[in-house]
Amino acid sequence: MTAPVVSASGLSLTFQTNDGPVNALSDVGLTIGKGEFVSFIGPSGCGKTTFLRVIADLERPTAGTILVNGLTPQQAREKRAYGYVFQAAALFPWRTIEKNVALPLEIMGISPAERQERVRRTLDLVNLSGFEKKYPWQLSGGMQQRASIARALAFDADLLLMDEPFGALDEIVRDHLNRQLLELWARTDKTICFVTHSIPEAVYLSTRIVVMSPRPGRVTDVIESTLPRERPLDIRETPEFLEIAHRVREGLRAGHSYED
Amino acid sequence: MDRLRDKIFPVTAILAGLVVVWYVAAVLMNAPFQRDLNQRGGVTVTTSEFIGQTLSQPKPTVPAPHQVVSNVFENTFLRKITSNRSLVYHSWVTLSSTVLGFAFGTALGILIAVGIVHIKALDRSLMPWIIASQTIPILAIAPMIIVVLAAVNVTGLIPKAMISTYLSFFPVAVGMVKGLRSPEIMHLDLMHTYNATRAQIFWKLRVPASVPFLFASMKVAVAASLVGAIVGELPTGAVAGIGSKLLAGAYYSQTIDMWAALVAGSVVAVILVSLVGLAGRLVERGMGARPA
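First to last, the sequence lines map onto chains L and X.
So for the first sequence, the working numbering puts the first residue at 4; every next one is plus one.
So for the second sequence, the working numbering puts the first residue at 81; every next one is plus one.
Hints listed in this document are in silico derivations from the structure and should not be mistaken for laboratory results.
Beta carbons are placed, not taken as given, at the ideal position from N, Cα and C, and that holds for glycine.
Hints should not be assumed to be uniformly reliable.
Unchecked claim - DSS-like cross-link-like pairs, simulated, lysine-lysine; straight-line CA separation at most 25 Å:
1) L:K82 x L:K37
2) L:K102 x X:K284
3) X:K258 x X:K200
4) L:K136 x L:K102
5) X:K160 x X:K200
6) L:K102 x L:K82
7) X:K258 x L:K82
8) X:K200 x X:K299
9) L:K136 x X:K284
10) L:K137 x X:K299
Stated by the list, open to error - Non-contacting residues of chain X with respect to chain L, defined by C-beta distances greater than 10 Å in every case (computed):
11) P90
12) W102
13) D116
14) A183
15) I199
16) P217
17) I221
18) L285
19) F293
20) V350
21) R370
Produce the entire structure from the sequences given, and follow the hints as far as they go.
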């Protein structure tokens, strides 16, 4: 058993707002092993994005411990341990696609020749070869999001944190990108933490599904997927898939996520 | 055809309307003096002759458009550029201190904005002073600047340019503070995940994001610079420049000369603002902006 990529215990985070304190995370404990694809699902306000941001050192927990690759989130961030994909593509509009993907490499001081090689390789990985010189506005929403995934992959971090990356895309594009993401995961052997509020998406992608519920944000269930690693799109019509989806729904209901 | 209908026709119509209003105003404003003159001279004229007289006075209260146009034409194209009566010469004098002051002002404005965005103490303390600086009437401090600088043997172009600087740094500073703070939280978070240094965030994110703000504020600043340069020529006994032309015109009641100088000033302003706009469009196109 190798060391876990993420291990959290007793993790809590309270935001002080004008309306009083908000418990975004309450006593969250979770261990994520290398090569896992873990989805976080729950209604808004359940802390799934906050948990991802804590891993990324974009938020600091108020209690509990969390280690990323055995380091504190800050140390892990300083060692560029993860790539982060945001809800929107967040590409720089004044940079071409290749320059956007090269951005983290420039910041990390990688030589131009090596940069070029890595940009070529990662754009190939997300099927965007041929669009190097285009500006973001010349690409569709799905292609922009693929470019932002390429950017997160460009510096070869082993951990990929994705915060509802396909949430703003239509269902057809989303299906397509889900399949591509699985292929990419199979080829690169990365650990992926994936926030979503779509049950089919979570079940289709994950080896493990973390069900969360709000007020206070907490983990109510962790479901191991029994699906094989090889997953064609129509696996979503099999009884096994529906069974897991049902369990996720049950978990959400147990966390009172369907109540007003 | 569409261009004719959508652009040229409305613009021409408005322009023609303005010219008509101007002619009517010229006749009305110049009438009392002309009536007086004719009365004293014992001259009786028909209405159309009278109107002709009001539009051809040598020192009218309001010069007629054709008087201004012929003066501008004469002093722009029929004089040697080096001549003291050439509008090109005077415009050039004003233009050079405008451009110098504008360059200083833009640099100063950017510098102040960078300071405000990066240093908390400046953020808290500098803005009120900057705003206060702009509430002081420029006419009041222009002579002081000239006198103080003359005392340390700085004369000529620089003192006038300083007044342009004084007026032009403000819009740039305000615009650039806004521009350097314009990156979205998501972009800043992204840079944070890369563990980017402050310098990297500045050059790779804040500066490119601020470019549209820079050019918008530079358009305001260049016009303010021109006003500054002209005002700087008024109280200082400058012998050349649009300001000195205005002053001399006022002194000798050469109203046509004054209006001609005003026309020269606005032509310079239009050219400067268009040049800044053009530069802005070129830079933004170079940065991959979607063509409008």
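Hint check:
Pair hint K82 of chain L plus K37 of chain L holds up; C-alpha atoms about 17 Å apart against a cutoff of 25 Å. As the CA atoms of K102 of chain L and K284 of chain X are separated by approximately 11 Å, the hinted pair is consistent with the 25 Å bound. A C-alpha spacing of about 15 Å is found between K258 of chain X and K200 of chain X, which places the hinted pair at or below 25 Å, so the restraint holds. Only pairs whose Cα atoms come within 25 Å are accepted, and K136 of chain L paired with K102 of chain L is accepted, the gap being roughly 8 Å.
Taken as a hint, the K160 of chain X and K200 of chain X pair is broken in the structure, with Cα atoms around 55 Å apart against an allowance of 25 Å. For the given pair, K102 of chain L sits about 22 Å from K82 of chain L by alpha-carbon distance, which is consistent with the 25 Å threshold. Distance check on the hinted pair: K258 of chain X and K82 of chain L sit about 32 Å apart at the alpha-carbon level, beyond 25 Å; violated. For the hint pairing K200 of chain X with K299 of chain X, the CA-to-CA distance comes to about 28 Å; that exceeds 25 Å, so the pair is violated.
Simply put, K136 of chain L and K284 of chain X have alpha-carbon atoms about 18 Å apart, close enough for the 25 Å limit, and the pair holds. A hinted pair counts as satisfied when its Cα atoms are at most 25 Å apart, and K137 of chain L with K299 of chain X does not qualify at roughly 30 Å. In this structure P90 of chain X is separated from chain L by more than 10 Å, as the shortest Cβ-Cβ distance comes to about 32 Å. Chain L leaves W102 of chain X outside its interface by the beta-carbon criterion, the shortest separation being 46 Å against a cut-off of 10 Å.
The non-interface label for D116 of chain X is consistent with chain L: the shortest C-beta to C-beta separation is roughly 66 Å, beyond 10 Å. The non-interface label for A183 of chain X is consistent with chain L: the shortest C-beta to C-beta separation is roughly 24 Å, beyond 10 Å. Residue-level check passed: I199 of chain X sits 23 Å from the nearest beta carbon of chain L, beyond 10 Å. Against the 10 Å criterion, P217 of chain X stays outside the reach of chain L, whose nearest CB is about 40 Å from its own CB.
Its beta-carbon lying about 40 Å from the closest one in chain L, I221 of chain X satisfies the requirement of being farther than 10 Å from that chain. Not every CB of chain L is more than 10 Å from the CB of L285 of chain X (nearest about 7 Å), against its label as outside the interface. Residue placement check: F293 of chain X keeps its beta carbon more than 10 Å from all beta carbons of chain L (closest about 13 Å). For V350 of chain X, the shortest C-beta to C-beta distance to chain L comes to about 29 Å, beyond the 10 Å cut-off, and the non-interface label holds.
With a least CB separation of 5 Å from chain L, R370 of chain X falls inside the 10 Å interface cut-off, contrary to its annotation.
Consistency with the previously given hints fails for numbers 5, 7, 8, 10, 18, 21, ordered from lowest to highest.
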